[in-house]
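Engineer: Sequence:
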Amino acid sequence: MPTVKIEVRDEPDPGRYVIEVDGKGVGFTDYHVRGGHIYFFVHTEIKTGFEGLELGSKLIRHALDDVRSRGATVIPLCPFVRGFIERHSEYQDLIEQPMWDRINDRSGPEQG
-13 MPTVKIEVRD EPDPGRYVIE VDGKGVGFTD YHVRGGHIYF FVHTEIKTGF EGLELGSKLI
47 RHALDDVRSR GATVIPLCPF VRGFIERHSE YQDLIEQPMW DRINDRSGPE QG
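The sequence shown begins at -13 in this note's numbering and counts up by one.
Some hints here could point you the wrong way.
List of simulated lysine to aspartate or glutamate pairs, DMTMM-like, C-alpha gap at most 25 angstroms [claimed, not checked]:
no., residue 1, residue 2
1, -9, 52
2, 33, 72
3, 44, 31
4, 10, 79
5, 10, -7
6, 44, 91
7, -9, 40
8, 33, -4
9, 33, 8
10, 33, 79
11, 10, 40
12, 44, 79
13, 33, 52
14, -9, 8
15, 10, 51
16, 10, 72
Label-pair restraints from in silico Cβ distances [what the hints assert, rightly or not]:
no., residue 1, residue 2, range
17, 18, 91, 41 to 49 angstroms
18, 87, 35, 33 to 41 angstroms
19, -11, 85, 15 to 23 angstroms
20, 91, 9, 43 to 51 angstroms
If you are wondering where the hints come from, they were derived from the structure by calculation, not from laboratory data. Quick caveat: nothing in here was measured; it's all calculated off a predicted structure. Note that the Cβ used here is the ideal one computed from N, Cα and C, for glycine as well.
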């Protein structure tokens, strides 16, 4: 089986981490930065035909490791990123918990 070269890089403008296989872009995860230290992950895509290489997981692992190295936190709005963090407890401490709790508070004001 031939060896493939997988690389992930941050592209701050437009705000995405890109994953390449043998130099060809095959996926990305988009993010927005708030206050210079909270990364809102909003969307992740991997091209069809690249199943079996666990590219989505490799992409998100790299992105979260990079966020950690910057001393930043995340808001995982993207379902794929959220699921990855749920399955990998070593990344749960990256969640900006107070803001995440406010986003997820669906109770709203009491009705009288």
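Engineer: To test your reading of the hints: which numbers does this structure violate?
Structural biologist: 4, 6, 10, 16, 17 and 19
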